[in-house]
Amino acid sequence: MTTGPGAPLGLGARAYTIPADFPEADGTLAWTSTTIVVVHAEAGGVRGLGWTYGPAATASVVTDTLAPTVADLDPDDVPAAWTAMARAIRNAGRPGIAGLALSAADNALWDLKARRHGLPLARLLGGARAAVPVYGSGGFTTYDAERQHRQLAHWAHELGIPRVKIKIGESWGRCAGRDLERMAAARRTIGDDAELFVDANGAYTRKQAVRLLDRAADLGVRWFEEPVSSDDLPGLGLVRDLVRADVAAGEYGYDLVYFGRMAPYVDCLQIDVTRCGGISEFLRAAAVAAAHGLEVSGHCAPHQHLAVAAAVPNLRHLEWFHDHVRIESMLFDGAVSPVGGEAPVGRAAPGNGLTFEEEAAAPWRVV
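Note that the sequence shown covers residues 133 to 499 in the working numbering.
There's no promise every hint is true.
Listed below are the simulated SDA-like cross-link pairs for lysine to any residue, each with C-alpha atoms no more than 20 Å apart in a straight line [stated by the list, open to error]:
#: 1; residue 1: 339; residue 2: 365
#: 2; residue 1: 339; residue 2: 317
#: 3; residue 1: 339; residue 2: 285
#: 4; residue 1: 339; residue 2: 309
#: 5; residue 1: 339; residue 2: 399
#: 6; residue 1: 339; residue 2: 397
#: 7; residue 1: 339; residue 2: 374
#: 8; residue 1: 339; residue 2: 390
#: 9; residue 1: 339; residue 2: 366
#: 10; residue 1: 339; residue 2: 375
#: 11; residue 1: 339; residue 2: 354
#: 12; residue 1: 339; residue 2: 369
#: 13; residue 1: 339; residue 2: 160
#: 14; residue 1: 339; residue 2: 361
#: 15; residue 1: 339; residue 2: 324
#: 16; residue 1: 339; residue 2: 307
#: 17; residue 1: 339; residue 2: 349
#: 18; residue 1: 339; residue 2: 282
#: 19; residue 1: 339; residue 2: 320
#: 20; residue 1: 339; residue 2: 378
#: 21; residue 1: 339; residue 2: 310
#: 22; residue 1: 339; residue 2: 373
#: 23; residue 1: 339; residue 2: 376
#: 24; residue 1: 339; residue 2: 303
#: 25; residue 1: 339; residue 2: 364
#: 26; residue 1: 339; residue 2: 306
#: 27; residue 1: 339; residue 2: 350
I should point out that these hints are in silico values taken from the structure, not numbers from a laboratory.
On a predicted model such as this, the values are computed, not experimentally measured, just so you know.
Let the hints inform the model, and build the full structure from the sequences given.
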């Protein structure tokens, strides 16, 4: 279905706060609920869908600041819309809530364009692969041994995902002994054939992070995410050079300059399509990584990433994050399962292939 370029372009947004199925925490933060901000872009009776995870106030940035900016633009000219929106939030500050709004709106506009032309989003963007490699992600510091075991066993043995990640750095790095115990337990659960990833969320000091992985040498950790604060670029580089695991960071990147600064200090750049500026900027950030000889990894929001992750040649994998997988499976018809460690990318239904279940989401609406 194609509609004329003169169709008015509208943006709308709503926010929903979903309680966690169990209290969650990492090395530096704890939470009991997650807020998803859903954006719809509409033109000529066709509606596109995008979303981000963040404060409910993100929705008002979409409706009050971004929507008027794009109202008179051609819905097919996503680069023009992205540029106009990025300029509109200059004084609001690109990192943070404004960047979340820009990302969700851009994602919705790409989905709208695909649906207007009757194309799957994966075909509109083009594909480097038919399915996206994923890693199971959760293993929160609040989990007891049995809950962690059940979650990791589900990924590794029931779904056949060959790589899993747990959170470490409990209480800002003050519980290193328990971190090591949980890492060892994770290895026992997944066996020798699956890859073990860990994520400290910036909880450790530089030398502490190095010492911890030295003590865990027999566990074969392959991925060490944010061993120190992602703002400590020299620290990331120091840890990268002193441990065998690949060091990764980048999930808090809101613009290309951020990724350009970080690239010399990590082994893999993480990019979050719901934060970085949407699909438009994800593609550019992946190119920045490629220019530094790096692969990229999609951070969280797995179903929002699928089409663009499939389009990027230097993608390593995508985070299959427990909290977001649960929410997206609850609220979106068309959610997929990564059996065998790869998430299939839809190339039949228009757009991203998902339908937002508004009635199902209604009890959790906050904006």
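Tested hints:
no.: 1; hint: 339 - 365; verdict: holds, 14 Å
no.: 2; hint: 339 - 317; verdict: violated, 24 Å
no.: 3; hint: 339 - 285; verdict: violated, 32 Å
no.: 4; hint: 339 - 309; verdict: holds, 16 Å
no.: 5; hint: 339 - 399; verdict: holds, 18 Å
no.: 6; hint: 339 - 397; verdict: holds, 16 Å
no.: 7; hint: 339 - 374; verdict: holds, 10 Å
no.: 8; hint: 339 - 390; verdict: violated, 24 Å
no.: 9; hint: 339 - 366; verdict: holds, 12 Å
no.: 10; hint: 339 - 375; verdict: holds, 11 Å
no.: 11; hint: 339 - 354; verdict: holds, 19 Å
no.: 12; hint: 339 - 369; verdict: holds, 12 Å
no.: 13; hint: 339 - 160; verdict: holds, 18 Å
no.: 14; hint: 339 - 361; verdict: holds, 13 Å
no.: 15; hint: 339 - 324; verdict: violated, 28 Å
no.: 16; hint: 339 - 307; verdict: holds, 15 Å
no.: 17; hint: 339 - 349; verdict: holds, 15 Å
no.: 18; hint: 339 - 282; verdict: violated, 32 Å
no.: 19; hint: 339 - 320; verdict: violated, 27 Å
no.: 20; hint: 339 - 378; verdict: holds, 16 Å
no.: 21; hint: 339 - 310; verdict: holds, 18 Å
no.: 22; hint: 339 - 373; verdict: holds, 12 Å
no.: 23; hint: 339 - 376; verdict: holds, 15 Å
no.: 24; hint: 339 - 303; verdict: holds, 17 Å
no.: 25; hint: 339 - 364; verdict: holds, 13 Å
no.: 26; hint: 339 - 306; verdict: holds, 14 Å
no.: 27; hint: 339 - 350; verdict: holds, 19 Å
Hint compliance for this structure: hints 2, 3, 8, 15, 18 and 19 are not met, and every other hint is.
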